[in-house]
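**Student:** Top line first, the protein sequences correspond to chains A and B.
Going by this note's numbering, the first sequence opens with residue 385, and the numbers climb by one from there.
Going by this note's numbering, the second sequence opens with residue 69, and the numbers climb by one from there.
Keep in mind that the hints were calculated from the coordinates and are not lab data.
On a predicted model such as this, the values are computed, not experimentally measured, just so you know.
In this text, a Cβ means the ideal position worked out from N, Cα and C, and glycines have one as well.
Don't take each hint at face value.
[What the hints assert, rightly or not] Label pairs and their calculated CB-CB ranges: (1) A:E505 / B:R90: 51 to 57 Å; (2) B:Q166 / A:G571: 25 to 31 Å; (3) A:G482 / B:M142: 30 to 36 Å; (4) A:I430 / B:A159: 36 to 42 Å; (5) B:A181 / A:A446: 31 to 37 Å; (6) A:A642 / B:C160: 35 to 41 Å; (7) A:R605 / B:E147: 48 to 54 Å; (8) B:T96 / A:A446: 45 to 51 Å; (9) A:E501 / B:E126: 40 to 46 Å; (10) B:M142 / A:D602: 22 to 28 Å.
[Said to hold, decoys possible] Partial selection, computed: residues in chain B whose CB lies under 7 Å from chain A: (11) H70; (12) I78; (13) Q89; (14) G127; (15) A128; (16) I132; (17) F154; (18) F163; (19) Q164; (20) T168; (21) M173; (22) E179.
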Amino acid sequence: MCGVCGCGQATVEGRTAHDHHHGHDGHRHHAHGPEGRHAAAERSRILRVERDILGRNDARAASNRAWFAERGVLALNLVSSPGSGKTTLLVRSIADLGDTASIAVIEGDQQTSFDAERIRETGVPAVQVNTGKGCHLDAEMVARAAADLSPGPGGLLFIENVGNLVCPAAFDLGEAHKVVILSVTEGDDKPLKYPDMFHAADLMILNKVDLLPYVSFDMERCVDLARRVHPGLEVLRVSATRGDGLADWYRWILDRRAEAA
Amino acid sequence: MHEMSLTEGILRILETEAERQRFSTVKTVWLDLGVLSHAEPEAMAFCFDAVMKGTLAEGARLEIIRTPGAGWCMACAREIAVGSRFDPCPACGGFQIQITDGEQMRVRELEVA
Chain A
385 MCGVCGCGQA TVEGRTAHDH HHGHDGHRHH AHGPEGRHAA AERSRILRVE
435 RDILGRNDAR AASNRAWFAE RGVLALNLVS SPGSGKTTLL VRSIADLGDT
485 ASIAVIEGDQ QTSFDAERIR ETGVPAVQVN TGKGCHLDAE MVARAAADLS
535 PGPGGLLFIE NVGNLVCPAA FDLGEAHKVV ILSVTEGDDK PLKYPDMFHA
585 ADLMILNKVD LLPYVSFDME RCVDLARRVH PGLEVLRVSA TRGDGLADWY
635 RWILDRRAEA A
Chain B
69 MHEMSLTEGI LRILETEAER QRFSTVKTVW LDLGVLSHAE PEAMAFCFDA
119 VMKGTLAEGA RLEIIRTPGA GWCMACAREI AVGSRFDPCP ACGGFQIQIT
169 DGEQMRVREL EVA
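For reference, chain B alone in the conformation it holds in the complex (with noise of 0.2 Å):
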């Protein structure tokens, strides 16, 4: 469960965020967890309480923003929303498609004190 190693790197941001900015609580944490990344926020979520367990943001709360997938059309030479990566053009049935959104893995924002 790669989970876990990501939501480390969670707790390496917010720990250098906390002396770069200077504050010793984080209350909520906003997470970018784009459609077609690679982390599943069920797992996020179960992974986040544990790892923030006796750190500057134990209990915090996480908020799981899913972005939508996009991706570029080859066929079609347009932009279409990609719900998962083995979906086809919704216009022309194909998978000529370059994804060009939705793999975002992001802190975005913290709420701290």
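So that you can see chain A by itself, here it is in the shape it has in the complex (with noise of 0.2 Å):
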């Protein structure tokens, strides 16, 4: 692991997922003396660059895309804060979809795999990957881990993301859609707070409507306040324990997947 950002400690089921060093073996740590330093301080020059920071990720989200449209395969990057209910969503729409489709589950998380444990038990195949440090899957571990899954034409590729409503806004992975969860326990101005998430999203769930009884969760103000960010976002309200909502959010899917195939 890189002892300055934790990065690398990441891994896909026991693996590294990184395959990238950041160059911490090949920094030039001592390779240049102070009498170097100063030679080539007399000769500085400006050059032009103009390199996208996330440039190396969007080109693998990019040959991620590429490979899941060749199959078929519809890839749904699922966001949200920790403890909306994502696994339960998960686990429920496979139960209940598992019949009509072939499902694969890549599971993010900075630590453990009881959630491709929890998976694992409905029968459909997961990968878990742990980011160590890191807050957001990236690109090259999505690579790893499908590639591993392998999943097959016409199929759901669900990738759960690190719970973290922040990071994972920035990072392609190659998906068809971010879908946002928003748990109604967790306050309703969620969407003005993390704006850059709700703008990426292309649908937000607003999970958990059986407890609006005992919360103070204004319903409209929220979908409100997601559609300043993003204008038109399309919105479900589901209860992933009690049903609510549910049907629609499986016609959303298909219908998705119809244009996939």
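Since each chain comes alone in its own frame, lean on the hints to assemble the complex.
**Tutor:** Here you go:
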């Protein structure tokens, strides 16, 4: 692992998930002495570079997207804060959709394989990616996990991102859509507090609506705020435990899969 | 803090360019960081110093250029300035805005030796 940033700690089910080194071995730690530096200082020049700092991730994401398209696989990137009910929604969706689609799951968490184990208990293949100190999945991790899972034609690949409403917004994984899940126990102002995520998502699922009588959550306000940062954002109201709205969620998925096929 | 990953992205660009354009030391990095981008300038500056330690850009200066946000108001059918994702159109007060600029995170120029 890199002692500076904690990167390189990420594992895909026990194997390292990063093949890049950030040059830690290749860093010119002591390659230049004071004399060399002094000599170099005399001939400095300006270079125009114009390169996106997410360029490498975006290129990998593009190749993931092409791979999914080739196989007719619909990949969905599920993003939310921790505890919104992503895994519960997934387990329920797998139980209800398992007969109509072949499903595979990539689980992202900093530590533990609890979520992948929960998914495997449903009978579908799942790969756990542990990001270590990392706060998001990146396209390289997904490429490796997806290669392991090798989802079949017409299949669904759910990517459950690390619970975090900030960092995963910046990293394209090659998914067809980001789906943001917000539970009614979290507060209706989240779309304005974390606008990047709600801007990046194509669908917002408001989960745990069965708890609405017990919390002060203004559904209309939440939807209004979300559409300020993302005009026209689609919204579904769901309870993954009681079943409200799940039929709409499944229809949304199957419509998108038809587009991907 | 994803700024750490983003800063590692900068280092990879520096290392690639060093090989391609034949230089061994980076003295200054000019970074375009749009006001609507996914990164905080303070966090980028903090991570930059940490990530560049022991590299070809150790001790390099990071110059962050905040590029302004812009959008297209669909109601007014014109370009407007956008300070944040939830700002209304200054003319009509609406939120039907398509972001057109200000999301970039890009290494613009380097001073190298």
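**Student:** Check each numbered hint from earlier against the structure, then list the numbers of those it violates in ascending order.
**Tutor:** The structure conflicts with hints 3, 7, 8, 14, 15, 16 and 20, although it agrees with all the remaining ones.
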